[in-house]
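**Student:** One-letter residues, chain by chain:
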Amino acid sequence: MSILLPVLKLELDKLYEDGSQEPLIHKCKEDTHEFKTQLKKLKAHLNKHIHEVEASTGINNNSNVEESKKRLRRRELVVEKLNKAHRQWDHSVKRNCKHTAQQHTRINKFLNHKMHEFDLDLVYVNKLPPESRANIDRAISFHISRYNVGNLPANGRQEIIQYLNQVYGITEDISEKFVQMGQIVQDMKQGDTSSCVKWSRDGSLLQFELYALNAMQLFQHGDVLQTYEYLTENVPASAFKYRQLQVITQVSPLLTQLLLGQKIDDLEEKIQLQLNKCISLFTKEYCSQNKLPYDSALFLIILSGVISFQFFIKYQSIRASAHVDWTTEDELPFDVTLPEFLTHFHPIFICPVLKEETTLENPPYSLPCHHILSKKSLDRLSKNGTCTFKCPYCPVNASKAKTGRVNFVML
Amino acid sequence: MGSLFNEPSTDFHLKLNEQLFQIPHELLRKNVKLVQRLIDKESQGLNADFQELNALLAENTLDQDKVALAKLGELIARVDTFEKKLNSRLKEDMQLLNRIKQRVAFFQELEDAKNLKDQSRLASWYQKYANLLIGDYLIRNSRIKARELNEDVQLEDDKSWNPGVIFLKQQHLDDLLDHDILLAANRISKSLTEEHDLNPLIKWIGENRSFLKKRCSILEFESRLQEYVELLKTGDFRGAIDCFQQFLLQFMETNFEDLKLASGLLVFIKSCEQPSKPTTEEIIDPQIIAGDEFSKESNLVLKTKADVHQHFFHRRVFKGATNVTDTFKFSHLTRNMNFARYTDLLNIKRWSDLSQLFLKEYYSMYGISHLDPLLMYLSLGISTLKTKECLHGTEFLSSNNKELDHYIHSGVLRNTCPVCSDEFAPIAKELPYAHHTQSKLFENPVMLPNGNIYDMKKLKMLSAALVRENLFSLKDHEVMDPIDKRIFSESEFVTMYPT
Ligand SMILES: [Zn+2]
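The listed protein sequences correspond, in order, to chains V and B. FYI, the numbering for the first sequence is 1 to 411, going by our numbering. FYI, the numbering for the second sequence is 1001 to 1499, going by our numbering.
In short, the hints are calculated from the structure, not lab data. There could be a bad hint or two in this list.
[Unchecked claim] In silico lysine to any residue, SDA-like type, Cα no more than 20 Å apart, as pairs:
| hint | chain 1 | residue 1 | chain 2 | residue 2 |
| --- | --- | --- | --- | --- |
| 1 | B | K1071 | V | N47 |
| 2 | V | K43 | B | K1485 |
| 3 | B | K1033 | V | N108 |
| 4 | B | K1084 | V | D121 |
| 5 | B | K1030 | V | E80 |
| 6 | V | K277 | V | D265 |
| 7 | V | K14 | B | E1026 |
| 8 | V | K189 | V | I271 |
| 9 | V | K84 | V | E67 |
| 10 | B | K1071 | V | E80 |
| 11 | B | K1485 | B | P1426 |
| 12 | V | K43 | B | D1065 |
| 13 | V | K284 | V | L273 |
| 14 | V | K94 | V | Q38 |
| 15 | V | K9 | B | K1485 |
| 16 | V | K48 | V | E67 |
| 17 | V | K36 | V | V78 |
| 18 | B | K1458 | V | E340 |
| 19 | V | K48 | B | N1054 |
| 20 | V | K375 | V | N407 |
| 21 | B | K1084 | B | L1046 |
| 22 | B | K1485 | V | R405 |
| 23 | V | K27 | B | S1191 |
| 24 | B | K1101 | V | I50 |
| 25 | V | K43 | V | D90 |
| 26 | V | K36 | V | Q103 |
| 27 | V | K291 | V | S280 |
| 28 | V | K98 | B | H1477 |
| 29 | V | K383 | V | L354 |
| 30 | V | K291 | B | H1406 |
| 31 | V | K40 | V | E80 |
| 32 | V | K376 | V | P352 |
Values in this document were obtained by computation on a predicted structure and should not be read as measured data.
Next up, chain B with everything else stripped away, as it sits in the complex (with noise of 0.2 Å):
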């Protein structure tokens, strides 16, 4: 129904991106929540001021009418200011409604499209569409970098920019798009795994301390943890047990192990100076791994007890306090293993679990997936067009003629197919086949003695092409195999049937 190519239904496309429409509401919803709390603010302060002018007023005196009077002006001065903060929530009202519309119309545009049965709209819906994924994949994984070049493009942000939100504004997409949340995101995310800073993140904790409270959240522990050990590592053992005592210890009911760990380690960190060597863990991008840690991280061998020992005990800061007692016995077998928990509070690496912990929650709060949609699309996109045939390139035999080489090889028997690309081919190679259930040939089928099955209307075309371009001469009713490249006369040609 409404479908030109097999497309999905638009109503299928608007549950699909739910969140376009989620995201802007939830910020509406937050501004409608400041403008109330403004007015709840303003009206108990003008009731009040209004109680004290009342009282002056019943007065009634000459005196007290001209205090009343400068009451009055500083009351109005008052609602000024109310209305120009008023105007400035308004604004940004308005600017979120304008993102709700540009939303609503571009599905209209994709409903339309589908109701007018015009295809060339429809692909150039979805080139939007695809533009729109690449985008928010680059908003959220490429660097932010600092403003320098590029004068002419026009950034609110002007302290930063990023090639994604480029891309979305070059291609005037970028109504389309939260850039602004994604951004925010990245920015506190990169500060964490590039910069080692927390600030960005403590702040941000601050300030959606309740979300993450209901949500039991452990990103405040886990981030003050970072905060006292990262002050350990510097030596400043004042600072850290300042930090342990003010942030860390109100934790003490739900993560008194890891309380005791992270004293502990005061005493130790001069015994582990030598924190696990920085490895390629840092460069694989978390978001692909994210969900599947324990298989592919490179260099991750859970050889030993100790290997799993060091695993799970780093792991186990983060999944709770579940498993305390069988850590607690290995760390009864294994006495030396002690250290291996102290070193693991001081991988570096928990810079990129942080970060990772931090984005789930940040999206979750968000409700947009913090897997990349754009890596979704792709994984499923290969897999829905990988064939057997995919990934071996066919062997040509060449001839002595160059330029007819050039021209079937280039041309006429060139792969167009996108998973084997140069690009794809790699990454489709793990990943599963598409499933059939019946054969997609073409018309005509027709065999050439040496095996070959081609279109019959095709070959003679392509036969046809080289006599028109001087590349072969060929007689009436000859052809050639442009594999091959022998001659057969269509006498040869035997009618297939795959059934």
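Here chain V stands alone, though its shape is the one from the complex (with noise of 0.2 Å):
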């Protein structure tokens, strides 16, 4: 669970004025637009005030004193108003803007103390040669082509294959890959499913997707006749045939509401899932077919980078505190733990002796036993075939005539 989130969340609602959306500052603007109001409208009955004055001298000297006393006491009044006007707003802008610099020095003191740990230019030990530069923008180029040719401003091979070379700089040999699987996508998201639906093989699973999808976005145009119509007769027969279960949860519902004239509760957010899933059937379909990697190397590698960074921090501050400089052997000095599907693409077999990866130098035996060792320590254990020797694991006697060199092949 994290503890930071919400306590950053909280620092941050208080850049808010309380219960509402707008900004702190956002006072220091009401405040202004108040005053204006407030001057415009003394500055009104000061107007009024020269204007009455004005036509009451010369008609009427000694007859109205009253009159102009009471003209007077309201002049002192506007006059009294304009300062307290000009008091209240110098005091109330000068207030909240040293509260919203307050709450940012907060703010900035949780960044620093709480949310800054470590340095990241310190983690980048081993650096890249100046020439991969050109191998990371092909791994880009591959990126891009996979997961941005969907939504790209642009219709047609060579449009987008144009495209993608002078916005990205992409070369045609990795984008027209794509070029197929980015125009199906496009067309999809725009609510045709049609050139999909010429893709997808007869009898699949996206075929059948692709049919649901279309139903609801049928539906949703509210035309029931075609949409029952579409239902009843463009069943591929096959969808039947595999796939009675998923008519029956998927299909069977929608035509009955259609029948009952229902309404179909969030229809729209359940079209947009729909079409999701129908684009990531279709990618997975299309990778595989075309021997294309479904997620890219450079995903891969990112992906492996940042569970490895937490064993790194911890390496390193490890290190911090024992003085010791980082390994310059030729392997990372901490062991990261990968998930199965990032560790899958080799066999990695371990010496059970020297504790040390089999390489083709030092590649692995068979023991009569069934164990396995590396040559290396089999040499050592046999005084370089020289005599006959017991398996470290159990007591079986063998010799180095006896073993054997084996592969280890993941498939």
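The two chains are supplied separately, each in an independent frame; assemble them into the complex guided by the hints.
**Tutor:** Right under this line is the structure:
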């Protein structure tokens, strides 16, 4: 459970006026506006006063002393109010500004003390050589073609390839791999599934999900008759054959609601979900059919980097307290536990005697007892093949002649 | 705790991305300071105005009242313009707060996916995370282009665009990164390295002088020195001397040696007409070699004393005056060396050094790492994945059945390891391997007579698939070794115990 996130939220909330979506300094603006309105009003009063005085002069000098006294009092009131408005504004905006600044100081403290823990620049120990720039650019090109090709403001094969080249500098040998995929995804996003239907294999799950999506979209447009016709007549026969259960759970309710003239709750949202489902199914199938990796190498490496980060930081803090240097060996100085989907690429065999990963130079060998050792430890145990020896794991004796080189293969 | 595939905690992510909050918050503070200044100024002005107004009103005559009325009108107009200024500050505030809000929501998404144990949501969160890193890298490094094509993409900054910004917008992630900050840095840096134009840098220095002073930065000195050198290069001696007097003399105390060198150049520039040739150094990405200049520069061979001297003289300017005495000894030893100092000043490599210096200061001002985060993740990620088996492809024996070979080689045995991919294999070569203390193999390992060890179930499944796809006919209890295509019987399986 996160501890920082709720506190961060709480602190940031204080940058808004209580219970509103307005930032703190909004109050300054409101005060100023109010001040301006006041000034305008008082100006109107003063103006009126001047007119009245002007009107009264020369007509009746002595008749209305009372009147002019009253006017004078009113004038005094205007002057007083003017000054009061000014004082209030001055006081309020200054206080508000100070308050805002204080809250910012608090947040700054929070960010510096609670959120600041490591210096990113120190993590970059093994710098990539300058020549890698071009390779990174290619990896990015591949990544963008794989994940962003459905989001482009371009249509048609040539246009998409050209767009990717002009904007992202992606060369055709990469972009052409994904251009068909991008086009179909774009079509689907625009509500046209026909190109995807054409692409999908007969009887595939994708074909069925597309059919459901189509029905939902027709339903949304409110053409009951057309939807009904589509649902009853356009159902691919194979959909019934293999996916009876799905037909019952997904299509039947739709059909019933349609017949009863009912409305489907949050249809919009459901269509969006179904669309995403179709897109992801389609991309998966497209990639596997075209022998393209489903996830870009760049993504998998970044993910491994993220997972590795915490181990690195832990190691670094231990190193700092123990005053050890970065090991210059050709291995990372810490062990990272990666999830299965990031480790199934190569088999890893650690020689149980040497505790080292076997390599081309030091390959694994099998013993007659079906245990496995690395060549180096085998040579050591057998004194370079001059004597028999006991397996370190069981009491069976072995001689070098009875061992054989083995090769782990991941399928 | 709360981890689906050993990914770090949400708090770890927050700390890792502290700058996503630090930057907009810094901008918010700046904005509030501007508001403060605006208010202070306005308050003072209004105080004076009110004094005047009150003085007029104190006369209590019709004539003065009329003047006061006009004054009040002016006052209202003044408050009105103030309100407008305040409004634009408020808008800025709203935008920045919104940015922060989106980022909090972004990390909340991570927290939610973790709490719900929803692996696919978590995966798509990391998709976004990776895309942010890529956007960041592209914004920092891609050339900023003049706006001509892509009318469809709406950019606030309509004069120019950059692939990184477009990528983030197309991924709907643009609020999660302070692209304006990164883009501004890129713009100034590229104006140095590509156009040899100092103006944007000097303007930036002018706006941030107090920050640079606090850090005792030599950026201003270096850029003025460069300005001076460029004037000399064009033969504008008058302008150079003016520049020297106006901008360089103030550094007399801190950079006396450099000033001596600079004034020397005025005399010797004619003798140094042939500055060192532009080399491939220019193309080298300074980001990548930063911090490791000595070993990685392609053309740098420190064989002779002269080379060493040249190198250090060039560097000395950047490293402050610490090794002045050393360099003095050198220059006494070999007189002709002095020319190297001058040609160094004329070297165009100084432009990329200046850009590096600027980027370091700029990023530290916002608390951003000046090295590309993407490169850090890549370096760490490649090593974490790199096994001893990576980078050497397995050799297959092909059979005379083409279809079968295709099925096996492009499907079954295809290496999908990201480290072994065409793009990353060359990069991975120089990086360390992962450290493993335990074997990571498969279930039910069985050895065939040829020494190949497989997962028994998968080997049988493969054989079944070959039969089903009509690629090869196998009898019951027969399997094919996909590597050498030999056929074995299940009775030949040897169960292995790799500990
Ligand atoms: Zn590999």
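**Student:** Against each hint, give a clear statement of whether it holds in the structure.
**Tutor:** Taking the hints in turn, this is what the structure says about them:
{"no.": "1", "hint": "K1071/B - N47/V", "verdict": "12 Å, holds"}
{"no.": "2", "hint": "K43/V - K1485/B", "verdict": "100 Å, violated"}
{"no.": "3", "hint": "K1033/B - N108/V", "verdict": "14 Å, holds"}
{"no.": "4", "hint": "K1084/B - D121/V", "verdict": "42 Å, violated"}
{"no.": "5", "hint": "K1030/B - E80/V", "verdict": "37 Å, violated"}
{"no.": "6", "hint": "K277/V - D265/V", "verdict": "19 Å, holds"}
{"no.": "7", "hint": "K14/V - E1026/B", "verdict": "16 Å, holds"}
{"no.": "8", "hint": "K189/V - I271/V", "verdict": "11 Å, holds"}
{"no.": "9", "hint": "K84/V - E67/V", "verdict": "26 Å, violated"}
{"no.": "10", "hint": "K1071/B - E80/V", "verdict": "16 Å, holds"}
{"no.": "11", "hint": "K1485/B - P1426/B", "verdict": "31 Å, violated"}
{"no.": "12", "hint": "K43/V - D1065/B", "verdict": "11 Å, holds"}
{"no.": "13", "hint": "K284/V - L273/V", "verdict": "17 Å, holds"}
{"no.": "14", "hint": "K94/V - Q38/V", "verdict": "19 Å, holds"}
{"no.": "15", "hint": "K9/V - K1485/B", "verdict": "61 Å, violated"}
{"no.": "16", "hint": "K48/V - E67/V", "verdict": "14 Å, holds"}
{"no.": "17", "hint": "K36/V - V78/V", "verdict": "15 Å, holds"}
{"no.": "18", "hint": "K1458/B - E340/V", "verdict": "16 Å, holds"}
{"no.": "19", "hint": "K48/V - N1054/B", "verdict": "18 Å, holds"}
{"no.": "20", "hint": "K375/V - N407/V", "verdict": "12 Å, holds"}
{"no.": "21", "hint": "K1084/B - L1046/B", "verdict": "16 Å, holds"}
{"no.": "22", "hint": "K1485/B - R405/V", "verdict": "19 Å, holds"}
{"no.": "23", "hint": "K27/V - S1191/B", "verdict": "42 Å, violated"}
{"no.": "24", "hint": "K1101/B - I50/V", "verdict": "53 Å, violated"}
{"no.": "25", "hint": "K43/V - D90/V", "verdict": "19 Å, holds"}
{"no.": "26", "hint": "K36/V - Q103/V", "verdict": "28 Å, violated"}
{"no.": "27", "hint": "K291/V - S280/V", "verdict": "16 Å, holds"}
{"no.": "28", "hint": "K98/V - H1477/B", "verdict": "83 Å, violated"}
{"no.": "29", "hint": "K383/V - L354/V", "verdict": "15 Å, holds"}
{"no.": "30", "hint": "K291/V - H1406/B", "verdict": "12 Å, holds"}
{"no.": "31", "hint": "K40/V - E80/V", "verdict": "15 Å, holds"}
{"no.": "32", "hint": "K376/V - P352/V", "verdict": "12 Å, holds"}
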